[in-house]
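**Q** Residue strings, one per chain:
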Amino acid sequence: MKARAQVIGIQGLVGGSGASAVTAGVAVALCELGDRAIAVDLNHDNMLALYFGFDPTANAGLARLNNASKAELLQIIFESGMGYPFIPMGYQVTTQDHGEQAEIIQQTLAKLSNTSDRCLVIDLPKYPSPMTEWTYAFCDVIVNVVQPEPRLIRAMAAYFAEILPSQQRANCKSFVLVNAIAPQLASHQASMDYLIGQLGDHLAPVMVQRDQHLVEALAKQMPLHSHRRNAQATQDFDALALWLKHVLSLQKPTESGG
Amino acid sequence: MLLVEQWRYARQSLSRPQTVIHLLGLYLETCCFVSDVNYRPAQSQTEDIYSLRYWFPHVDFTRIKPADVIRIVIQVVWLILFNQSTAQVAETLDHQHAQSHPVKGRLQRGKNKLLLSLRRWQKAYGRLHQRLFHGLDQSTKLPTQISGTFRVSLVIVISIVIAFVVTIPMEAAEQAVMLLFFWALALWVRDVNKRSALILMVIVSILVSTRYLYWRVTQTINWDVPMDTALSLTLLSAELYAWTILILGYIQTIWPLQRHVASLPSDTSEWPSIDIFIPTYNEPLAVVRPTIYAAKTMDWPADKINVYLLDDGKRAEFARFAKEVGVGYIARADNTHAKAGNLNHALAKTSGDYITIFDCDHIPTRSFLQLAMGWFFSDEKLALLQTPHHFFSPDPFEKNLSVFRSKPNEGELFYGLIQDGNDIWNASFFCGSCAVLKRGPLEEIGGIAVETVTEDAHTALKLHRLGNTSAYLNIPQAAGLATESLSAHIGQRIRWARGMAQIFRLDNPFWGRGLNLGQRICYANAMLYFLNGLPRMIFVLAPLAFLLLHSYIVFAPAVMIALYAIPHIVHSYLTNSKNQGKFRHSFWAEMYETALAWYILRPTIVALISPEHGKFNVTQKGGNTPNKFFDWEVSTPYLVLVAMSLIGFGFGLWRLFTGPADEVLTVVLNLVWVLYNLTILGGAAAVAEEAKQVRRSNRVQVNRPVTIETQSEHAYAAELIDFSEQGLGLKVPTDCLIEEGQLVTVTLPEGPSLRTFTAQVVSHRGQVLGMMLQLQSHAEHQAYIRATFARADAWVGWRDESVVDRPIQSFREVMAIGFRGYLRIANNLVPRFKPFFDWLEKVGRKLRTYLPYYPGEKVERDLQA
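As they're listed, the protein sequences go chains D and E. Just so you know, we're using the working numbering here: the first sequence kicks off at 1 and counts up by one. Just so you know, we're using the working numbering here: the second sequence kicks off at 1001 and counts up by one.
The hints are simulated quantities; they were obtained by calculation from the structure and are not laboratory data. Only a predicted model underlies this, so the values are computations on that prediction, with no experimental measurement involved. Just so you know, even glycine gets a beta-carbon here, dropped at the ideal spot from N, CA and C. Among these hints, one or two may not hold up.
Not everything, but these chain E residues come out facing chain D in the computed CB check (under 10 Å) [said to hold, decoys possible]:
| # | residue |
| --- | --- |
| 1 | 1067 |
| 2 | 1238 |
| 3 | 1488 |
| 4 | 1491 |
| 5 | 1709 |
| 6 | 1710 |
| 7 | 1712 |
| 8 | 1714 |
| 9 | 1717 |
| 10 | 1726 |
| 11 | 1727 |
| 12 | 1729 |
| 13 | 1732 |
| 14 | 1753 |
| 15 | 1756 |
| 16 | 1758 |
Within a straight-line C-alpha distance of at most 30 Å, the following computed BS3-like cross-link-like pairs (lysine-lysine) qualify [to be verified]:
| # | chain 1 | residue 1 | chain 2 | residue 2 |
| --- | --- | --- | --- | --- |
| 17 | D | 245 | D | 126 |
| 18 | E | 1296 | D | 220 |
| 19 | D | 245 | E | 1731 |
| 20 | E | 1314 | E | 1296 |
| 21 | E | 1065 | E | 1381 |
| 22 | E | 1296 | E | 1407 |
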C-alpha cells in the first residue's frame, strides 16, 4: 500500500455528545504539536465550522463540490483566525444525490490523504448513516464519543452489538472517549466506574473535562486553544492528541505490512 | 594584532594587572589543555574538561585575585594527590578515541567481552555465595565444587598472609612506602563501579586498620607511668571497639541483596487473610486517623483484611472513631509491656494468617500488601518481611540544619544499605512497624518479645533462632512522622540503645543456637553499634590528655603515629564513602553519633550491668515548635566538651610556642584532632537550635498534574505542589479567576479513575493557591488519603540519589555546620554582638573557599562575595 495520511475518525455514540468539539480540539492540538492536521466535517449540519469561528450556514464545503480537482479543493479548505485548517461539509437545505455526492467526497478525501505526513481528523456522522461503511474503511482509528448521561447504557449496548464489530471489520482501532466529565458529580463518577468496568482496553486513557471554557470559546467563535491554553479541556485535548499519535505510530508497521 | 584586540577587549572590564593575568591564563589554557583549538568534542561534559573553569570551579578566571593563587596551588596539589575524576576523564577520552578509530574500537569491544565474562563469573559467584550463606532458593546442599580440604587450606594460607602483613615490623620509611602503595591502590579502584573493587578496598582497609591496631597494642602503651598506662589503655579500648565495628560493618554491608518484588498467585482466593495492627498509646487522633483510613483502603480482597486499632490509651474518642470507620477496636485492662504487650494481647484475640504492624503515624500505601506478600509464597520458611521506615516530615537534623530531602537522613544508612546487607545473611530484622509477620512462627516464639524495650529486634532474633528466614524489601511503602525535636529524637535513641544493650546481655547473638555466622555478626554489630557512647566520648576527650595533662597516651614518635593512624583513618573513610556514600555522606555519622553520645552513654552502661531495668518511652510525634529557640538543656554536655576542648586548644598553642622542639609535631597532631572535634561538636550544637514549625500538619512537596474547577464550572489544568492531611497547595495559571474564600473542586487522578475533593481557597499569591479541604464523610477522607499519602508511588524518588558522596565536599559542609553551631551559641549568648558574628561568618566562608573543590562542581558564587 502506498504511504498515505493518517486518518482519525471521531464519532458521537449519541447525539450531542460533543464529537464536533472533540474533532476541533484534537485537530488543533495536533497542529500545535507540529503535525499537519486538517479537521474535516462529514456531518450535514455543518457545525464543525462553528468551532473554527465560521458561519455554519455558509455554502462552501465538501457537499458542494462538483469534482475533486485541485482548484475546487483549494476553495473548500479554510483557516481559522489562528491558522488552523479545516474543511466544512457545506450547508445544505436538502440532502439529495447521495450516491454521486458520496463518490466525490470519497475522491476528495483520497486526494487529501495522498501525502504521508498529513493527518486528517474527521467528524463522522452518527451511526448508522449511508456514509458509515466507506468512512470506516478510510479511518485508521475511530474515537467514539460519549458523555456520562442516562443514554450511556443504551449507547454502550449499541457499541458492543454493532458499532465495534463494524469498526473492527473495517480494520480500524476503536476506542470510547468520555467527554464533558465532571468527576465531582456522583452520577458522573458512577458512569465513569461503569465504563471502566465495561470497556477495558477500549476506553481511551484520557477523559475530557467538562469545562465552561469550551462554551466561552464557542461564543467567542474561536478554537479552545486560542481562547485559553491552560484550561483543563485544552490540556485534555493535547493529551488526547498525544495519545492518538502514539496509537497511530503503533499501527504503522502493520499498515506497511498489509 | 590579535593580542592588541584581546587586550582592548579585556581592558573594558578589568584593570591592567588583572588583564595581564587574565590573558596569561587564557594562553596557558590554550597551550596546556587544548592541543587543537578547532577541535571541540560533541558532548558538553567533555567540552568542560578542556577548560580551566572545570578544574578550578571556585576560581573566577575572569577576575583573578591575589588569594586565588593559594586556592589554585591547594587545588593542584589535591588534584594530583587525591582526586579521582582525572581517571574518569582519561577514560572518557579513551572511549572517544576508540570510537573514532575503528581498530581501537574493536579492541575496546574485545575488552568488553572480557568484562562480560567477568560479570558472568561474578553472577555465578553470587549464586554460590547465596547457597553458601542460606540463600533464598532454600537449597541446603553445600556447593560440591570446592572440597572441604581446599577450603581449609585456603583459609590457612590467607590467614598466614594476613598475619604477615599485619605484624611485620617496619621502619618509618618502609611503612610510608607500603601505605602509599595501599593508598594508591584504593584510589585507583575507587571509581570502578564493581563489587570486586569495593571488596578490594575493604580488604586493604581491614589490613591497614588491623596493622595499625596491632602496632598500637604491641608498641604504643607506656607501661612505666601508671596514669599514662590507664589513659592509654582507655583510648586503646575505644579504638578496639571502633575497629570491631568497622570490620563487622564491612561484613554486614559487603553484598546488599537488593531484593525485588515477588509475584502473588493470580487467583486471589489463594491470598491469605491478614490482620493489620495499629498500636497507639497517647498520640492524638489526628495523627492516627490517616493511618486507619489508608490501612482500610489497601488493595487486598476485602474479606481477607481486618484492621485493628489497638488503643492502650483506652480513649472513648478512639473507640467511637473505630466504630464509625468500621475497623476493630481492641483495648486491654492493663498496659503491661507497653507496645509489645499491646500487640500480644491483640494477637490472642485475632486469627488472620499474617500480621501487619504499622505504628500509628505510619500511613501505608495502597500497594503495601500486594508488594510485600509475594515473598511468603516463594519462601515457605519466611516469617518476617520488613519494608523501610520512611518519613515525610524532617527529623531534627534535617529541620534544624535545613537539609530536608537534599542530604541523606540518619535513617537512610540503615534502611538503604544495612538492612539490605543483612538480607544476604538472612539477618534483616524487624523494626517495629511497616512489616509483615507470619502468625505461626510468631506464636511459636510466644508472640512479640517482651523482655527488652526494643521488642522488634528481639522478636526477629527469636524468629531467626528457630530457623525462620526474614526478608527486606527496600521500597518505601509507608510513611510517617519523624521525631520533631532533638530532645525527642534523643529520647527515642536512648530507648533503642538501651534495648539493644539489653538484648546483648539477655540473649546475646554470639551464644545460643540456631543462628549462622552471618546472622551472629549482623545482630552483634547492630547491638554493639549502640554502645558507641563511651568510645565516642573517649575520642573527643583523648587529645586533651596530652594537651592538658601532658600524658603520652600513644607512646610513640609523632611521625610513626601519623604514618599508622592517618592511613587507617583515610582508608576507612574512603571505603565507607564508596560503600555508604549514597546513603550517608562522609563525616555526617560523626555528627549524628556525637550528638547522641553523651545521652546513650549512661542507659547503655546501666542496661549492660542490670538489663532488667528500663521502661518503654513513647516517642513524641506530631507537635509544634511555635518559636525558634536554642535548647540549652539538651546541648549542655556538648557545651562543656566544647569548653574543655577550647581550653585544651589554648594549652596546645602555649605548648607549641614554649614547649621543647621535639614535641612540636605531637602538639600539632593533637591540635588538629581537637579542631576536628570542635567542628563536629559545633555541628551537634547547631542541631540544638530548634527551627520554628507552626503548621498543624506537615506538607509533602510533590509535583503532579491535577484539575481545579471553579463553581462557574471553569476547569483549569494545575499542578499539585504540596499536600497535607488538611490542605493542598496548587500552582495555577496566573490569569485564572480564583479568589480567596471561594469553594473549588480539585480532581486527583487515581489509577484509571478520577477523584474530586471540595476545598476552600485560603490564599492566592501569584501562581500559588493554598486551600483547606472540606471533607465531609469518612469515605471522602479515605478517598483523599488513597489519592495522596497512600498512592503506590507516593514515596518513590523522594530524594535525588544520584548525588554521590564526596568526602572533601562533605567535610566542607560539616565544617560549615560546625561553624554555624558556634555562631548560634554565640548569638544566643550575647545577641548584642551579632554584627561581629556576622563578620566572622563571612570570614569563615572565605576560608572555606581555600579548600579544594571537585572539578566541575557547582560553586555558589556568593561564597566568595
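**Q** Please flag the earlier hints that this structure goes against, numbers listed from lowest up.
**A** 1, 2, 3, 4, 10, 11, 12, 18, 21, 22
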